[in-house]
Amino acid sequence: SQTIHQWPATLVQPVGSPLSLECTVEGTSNPNLYWYRQAAGRGLQLLFYSVGIGQISSEVPQNLSASRPQDRQFILSSKKLLLSDSGFYLCAWSAYRAEGYTFGSGTRLTVV
Amino acid sequence: GNSVTQMEGPVTLSEEAFLTINCTYTATGYPSLFWYVQYPGEGLQLLLKATKADDKGSNKGFEATYRKETTSFHLEKGSVQVSDSAVYFCALSDNAGGTSYGKLTFGQGTILTVHP
Chain S
24 SQTIHQWPAT LVQPVGSPLS LECTVEGTSN PNLYWYRQAA GRGLQLLFYS VGIGQISSEV
84 PQNLSASRPQ DRQFILSSKK LLLSDSGFYL CAWSAYRAEG YTFGSGTRLT VV
Chain A
2 GNSVTQMEGP VTLSEEAFLT INCTYTATGY PSLFWYVQYP GEGLQLLLKA TKADDKGSNK
62 GFEATYRKET TSFHLEKGSV QVSDSAVYFC ALSDNAGGTS YGKLTFGQGT ILTVHP
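Here the protein sequences line up with chains S and A, keeping their order. Under this note's numbering, think of the first position of the first sequence as 24, with each following residue one higher. Under this note's numbering, think of the first position of the second sequence as 2, with each following residue one higher.
Read the hints as simulated data drawn from the structure, not as lab findings. Fair warning: this is a prediction, and the values are worked out from it, not measured in the lab. Treat the hints with caution; some may be incorrect.
If you only want the chain A side, here are some residues facing chain S, beta carbon under 7 Å, derived [unchecked claim]:
(1) T29
(2) S33
(3) F35
(4) L47
(5) L49
(6) A54
(7) K61
(8) L105
(9) F107
(10) Q109
C-beta atoms are modelled at their ideal positions from N, C-alpha and C, and glycine is treated no differently.
Extracted from the complex, chain A is given alone in its bound form (with noise of 0.2 Å):
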């Protein structure tokens, strides 16, 4: 089946600093992939997503990169701010087919913590 496996946290960073949130995944067929990000008390809000391989996703100076060939998604940023702290979960949409079409599988979630 599918599955998601993203670094463990949760990471600390300070202002300004680059971050990576490694994402992995394992799926049949052509999926497409996702980062959401939930802010403390609040739902999970869509940060970027890639269709197809190669492709590059883009939100808020976030970035990830489709990349087929080593089946990841990890998430970067330049330089992350104190606002950027929250929870990030990586996802994938199952392609296949079927009443499960676009059933999204997550990671288990990275936990961020940005300090001034």
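Here chain S stands alone, though its shape is the one from the complex (with noise of 0.2 Å):
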């Protein structure tokens, strides 16, 4: 069975420092990869977007970037984070051309 793998689940960074986050998909091949975030409980703004190795689409300007070095691998960077950083980061997959995604257990984002 497919499963999805998300770390750290909490993290607090002072501003300015680097930011890794990490996403790893078991049991499935070349899947579709997504990273949110999601501020004050509720609403979910997709930040990026990957259909495969290298391929990265980016949904808002901001001070983010993603990478995906291996088929299953999905990092989420930032240079110098800022305060408004802060969020629950999650992770989701989808299978080419099916539907629905699977979201890992997300990644709780401070920045003091």
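Reconstruct the complex from the two isolated chains, following the hints.
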């Protein structure tokens, strides 16, 4: 069966520090991968999505970047965190041309 | 572009009350429709889905019917429990083709609180 792993679960980082959040999927190949941010416990904002290795689409301009160095690995990064980067970050995957996502358990990032 | 509109919350109910959370959508083509649930501190879980008009998705006592004529996918449950307290998201899947195929558009979420 397919599983998605996301870590760390919680992170407290100072302003100006770098960030690296990792997401991996097991049990499938060539998944579509997504990074979302959720602020105030409600709305979901799509940050990046990827349909293959090295293929990254950015939905909104921001202080973050994403990379997909391997087929089932998706990394969210920042060189210098801002206070406004605080939030709940969710990774998700879907099978190509299948429907619906499976979400990871999320990372709670607090920038102080 | 595609969009999903959910009823504003929060929704507060007593245990065993009837639940309706409204969801309407705008999309080109024939999207698939979903309801996701997010319990406190967790990621989203798929609750139910429907892939074509008049389909009814159901799970854990929740139901939603794909109504193409009213572009709606309202979530209902006949008798809610305290454990149903969560945030509920309506979503649609872009089935128009291309690299965005399958990409979900989410509503803003509705907070449900059920009191004993």
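Structure-based check of all given hints:
Annotation: T29/A was flagged as interfacial toward chain S, and the flag is violated, the nearest CB pair being 16 Å apart, outside 7 Å. At its closest, the beta carbon of S33/A sits 5 Å from a beta carbon of chain S; the interface hint therefore holds under the 7 Å criterion. With its C-beta approaching chain S no nearer than about 6 Å, F35/A sits inside the 7 Å limit, and its interface hint holds. This hint holds: L47/A has a C-beta 6 Å from the nearest C-beta of chain S, less than the 7 Å allowed.
Here the hint on L49/A is broken, as its CB sits about 10 Å from the closest CB of chain S, past 7 Å. Because the smallest distance between the Cβ of A54/A and any Cβ of chain S comes to about 15 Å, over 7 Å, the interface hint for this residue is violated. Of the supplied interface hints, the one on K61/A is violated, with its beta-carbon coming no nearer than about 16 Å to a beta-carbon of chain S, more than 7 Å. A distance limit of 7 Å between C-beta atoms decides the matter here; for L105/A the minimum to chain S is near 6 Å, and the interface restraint holds.
Proximity of F107/A to chain S holds as hinted, the smallest CB-CB distance being about 5 Å (cut-off 7 Å). The beta carbon of Q109/A comes within 5 Å of a beta carbon in chain S, closer than 7 Å, and the hint placing it at the interface holds.
When each numbered hint is compared with the structure, violations occur for hints 1, 5, 6, 7.
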